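These protein sequence lines map, in sequence, to chains A and B. The C-terminal position of the first sequence is numbered 1514 in the working numbering, with every residue numbered one higher than the one before it. The C-terminal position of the second sequence is numbered 493 in the working numbering, with every residue numbered one higher than the one before it.
Treat the hints as calculated values from the structure; they're not laboratory data. From a predicted model like this one, the values you see are computed outputs, not experimental measurements. By construction, the Cβ of each residue, glycine as well, lies at the ideal position given by its N, Cα and C atoms. Among the hints, a few may not be true.
Sample of chain B residues at the chain A side, in silico, Cβ under 10 angstroms [as the list claims (entries may be wrong)]: (1) F55; (2) G56; (3) C64; (4) L74; (5) P75; (6) N105; (7) F107; (8) P109; (9) D110; (10) P229; (11) V230; (12) Y297; (13) F300; (14) D304; (15) L305.
What follows is a set of in silico ranges between Cβ atoms, one per label pair, in the way DEER data are often shown [stated by the list, open to error]: (16) A:G1401 x B:G156: 37 to 43 angstroms; (17) B:A335 x A:P1268: 47 to 53 angstroms; (18) B:G50 x A:A1368: 34 to 40 angstroms; (19) B:T61 x A:A1372: 24 to 30 angstroms; (20) A:A1447 x B:G50: 43 to 49 angstroms; (21) B:A317 x A:P1277: 28 to 34 angstroms; (22) B:N243 x A:R1118: 38 to 44 angstroms; (23) B:Q273 x A:A1422: 21 to 27 angstroms; (24) B:N245 x A:V1366: 23 to 29 angstroms.
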Amino acid sequence: MSAAVPGSTPLSAARIAAAVRRGERSAVEVVEQHLAVIAEGEPQIHAFNAVMDDQARRAAALVDQRVAAGDDPGPLAGVPLALKDNLCTRGVPTTCSSRILEGWRPPYDATVVTRLVLAGAIPVGKTNLDEFAMGSSTENSAFGPTRNPHDQGRVPGGSSGGSAAAVAAGFAPLALGSDTGGSIRQPAALCGVVGLKPTYGRVSRYGLVAFASSLDQIGPLTSTVADAAVALEVIAGHDPLDSTSVPEPAPRLVSRLDEGVDGLRIGVVTELMGEGIASDVRRRVEAAAEALGAAGAKVDDVSVPAVTYGLSSYYLIAPAEASSNLARYDGVRYGLRVDAPTTAAMNTATRTAGFGDEVKRRIMLGTYALSAGYYDAYYGKAQKVRTLIIRDFATAYESFDLLLAPVSPTTAFPFGAKADPLTMYLSDVCTIPSNLAGDPAVSVPFGAGDDGLPIGVQVLAPALAEATMLRAAIVLEDAMAREVST
Amino acid sequence: MTEWETVIGLEVHCELATATKLFCGCRNAFGDEPNTNVCPVCLGLPGSLPVLNRGAVELAMRLGLALGCEVRPSLFHRKNYFYPDMPKDYQISQYDQPVNVDGVVELADGARIGVERAHLEEDTGKSSHVGGGGRIHEADHSLVDYNRAGVPLVEIVSRPDLRSSEQAKAYVNELRAVLLATGASDARMEEGSMRVDANISVRPVGSSVLGTRCEVKNLNSTRSLARAVDYEARRQIELLSAGEQVLQQTRHWDEADGRTSPLRSKEEAFDYRYFPEPDLVPLSPEPAWQAAVGEALPLLPAARRRRLAAATGAGAASVAMVVERGLDDLVLAALEAGGDPGRLMVHAEHDLAGATGALDATAFAGLTSMEAGGALTATQAKAVLAELVATGGDPEAVAGALGYEALPGEVLAGAVDAAIAANPAAWDRFLAGDAKVAGFFVGQVMKATAGKADGKAVTALLRQRAAS
Ligand SMILES: [Zn+2]
């Protein structure tokens, strides 16, 4: 892939942190350099809802002070960090790209933000997203779309489109996104970066503004697999503030990256390689399978039948939970309020003015799915399908260590190309099953399509097997580097 | 004419007496400055998540075990509806898998009222409406205090086993006693830490089919509960007697007007769209924890009543009163120390309404023995008891200090004989069977002995003299 995106910085998070920790580069210098890249590229890309220039400079100075005092600021010392704007940041507006949160400044930091900052990372801005993370193109933002750095006439994917574009454009080597049905992996694929959705519960959701609580998971977007491993080590691990957080410490990932895939059994999911998947995308997944086979893995096809029901199950469960999660935006306590004669009328006026069409559509869908008399037929049935998907994955993992699949059915599409919601929903067909199963998956850049735009391939793993998953991801990354250099 | 039976089921909400709220670390306290015990979680701020308070689960289990419930693995659901005092616009509550099921409340008269469930849920904030008479629709503006939002509640749902306003009151009082005994709640209706909704229906006596019910809200005391039950039963009987129908409704009790009025009909009822709360994991209290909670339970009111009745042979009403006053331990200890069971119960029921002060079981026992042996009259015993409560000490010493020296038998006999001799006409009437004259002689003897004589002993002597 031609990674020559204008203004991109060649430095990975790991290299920046190593240099800052050794005192070879100052964090202030790193941050200034990135702010300069942002200042130049951001007017075209619009990756950010807000750039935190001043806070970033102050935080960088603090990191440098600690280095000067002989302290170790941590594994992400001085690394500029872009945060999806649905992650709470104390005192900094957190909008979810929605008008309804107008003016709201959280009084607290999300657990992931606290952990990254403690590890030395420096938040440089809040990134654009589809409103409340509902979408696959970042076109549903109330503040205008983000453009794909590889082709500004095309979407960056979504909903973490701002985070993916920020990493692709060199605005920050590390970004956080959230993934409910593919919202980290799909934009990562479309922007040519690494995007990792951890096991459900691996990373605390405390401070992530909820879309669909049983599916949401925070994860890193980076330019290298190793950076994703470093970031995940920092943000993973039990958090007493999230009851669904896995009661285990963060896994060791970085030290295991080089263990290779020799002897690993890897299955290509046949149900995700057929109709609806562009042939250039399919070819890259096949190439990835070959690369893994060449590295010693035993690669074979595998059927996971229930994944074909993922989309319909997801579009009941996620809106149902969203309809409840988004009820609190009622104009009473914070954010937008549109005055009206009665409380109920004020609620309605506020929500009518504050939410965009896609959010309204999903709230209505979800409300309907949970309604008395429809619950069993919709939400109840969707949960049963979810159980089937979990079961089918479990069966597949009896014979395979990892699975391989496309991320997005196509490369980045032009703005407005998927105006019909159903067409847009199909963008997530390959990513949704992992969310329903609660399993980890990672999108790794693996070449380009016929249009020259990035394609990502997806490595899926059973719950808590991120270490194994990343071993395969880095083998693909290495194979790609060799393919490009030859 | 049809005879009607009233059928009542109660839903009682009680705030649990935990130090902190159900899903966050904020203080659970009544009466603090508004909106001071709040945090991102109980304000329902975006991104916040609930974490279940183990202490609340323990109190709920304690209550459940005290009510003889089965404690089961349970699940929290979201109950969705818009209301300004509910920060998330959904309430986290237990729905079809509550922590406690199938218990019973045993009333003082022995009636056993079924408890369907006692589940955990979070409380809402508290709205006050400024202007327009305090009703939301006419108010100029409304204020919300979220200190109460997220306070742990148990909702105790009875079976429709209650049959009268009196019984409904007795049930609430008994439940309150259990809540206090277990320390689960301070159960104060006036402060709103205990709130009662009543489901009321009527049916012809003998029918086993339930009539259409109305749920009555805004009952702020057991008195309003009783009044509302009576009013509502009358209203429904009048409707049915006139050939009309009772509509299933939620109705509001107006204490001043003494009547209920409709809030909403069945058709207008909210669709709460319950679904499992994805931010919490299922709750299954480990058996060892459950067992420990069960073993630590105090003796409960019904068991205390049974124990006291067995020991004293007193009637149900006296026993209930003495247990309600918390005097049963004292009575039992005094009984152990040789006290007179009947007199102990009479004093506990009538003379110890306030505090027992300095009174101890030995003194209490001694007092009743003196009384039983004729050394003290009932009136004197009462005075000695008051002194024992006030300052303590030994009943004989107190009686002595008060001048209640028991009259030597021959002095009393002499006084009786003197009274007979001085009143021959009256004595003739007594001999002729006029029992009323006995009072006259008692009075004469009292006068002669400066009130130290025991009336019963005098009457006994009179009978003895008459028979000889
Ligand atoms: Zn709180």
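Okay, the hints, checked on the actual structure:
| no. | hint | in the structure |
| --- | --- | --- |
| 1 | F55 | violated (22 angstroms) |
| 2 | G56 | violated (23 angstroms) |
| 3 | C64 | holds (9 angstroms) |
| 4 | L74 | holds (5 angstroms) |
| 5 | P75 | holds (7 angstroms) |
| 6 | N105 | holds (5 angstroms) |
| 7 | F107 | holds (6 angstroms) |
| 8 | P109 | holds (5 angstroms) |
| 9 | D110 | holds (9 angstroms) |
| 10 | P229 | violated (32 angstroms) |
| 11 | V230 | violated (35 angstroms) |
| 12 | Y297 | holds (8 angstroms) |
| 13 | F300 | holds (6 angstroms) |
| 14 | D304 | holds (5 angstroms) |
| 15 | L305 | holds (5 angstroms) |
| 16 | A:G1401 x B:G156: 37 to 43 angstroms | holds (40 angstroms) |
| 17 | B:A335 x A:P1268: 47 to 53 angstroms | holds (50 angstroms) |
| 18 | B:G50 x A:A1368: 34 to 40 angstroms | holds (36 angstroms) |
| 19 | B:T61 x A:A1372: 24 to 30 angstroms | holds (29 angstroms) |
| 20 | A:A1447 x B:G50: 43 to 49 angstroms | holds (47 angstroms) |
| 21 | B:A317 x A:P1277: 28 to 34 angstroms | holds (30 angstroms) |
| 22 | B:N243 x A:R1118: 38 to 44 angstroms | holds (41 angstroms) |
| 23 | B:Q273 x A:A1422: 21 to 27 angstroms | violated (47 angstroms) |
| 24 | B:N245 x A:V1366: 23 to 29 angstroms | violated (36 angstroms) |
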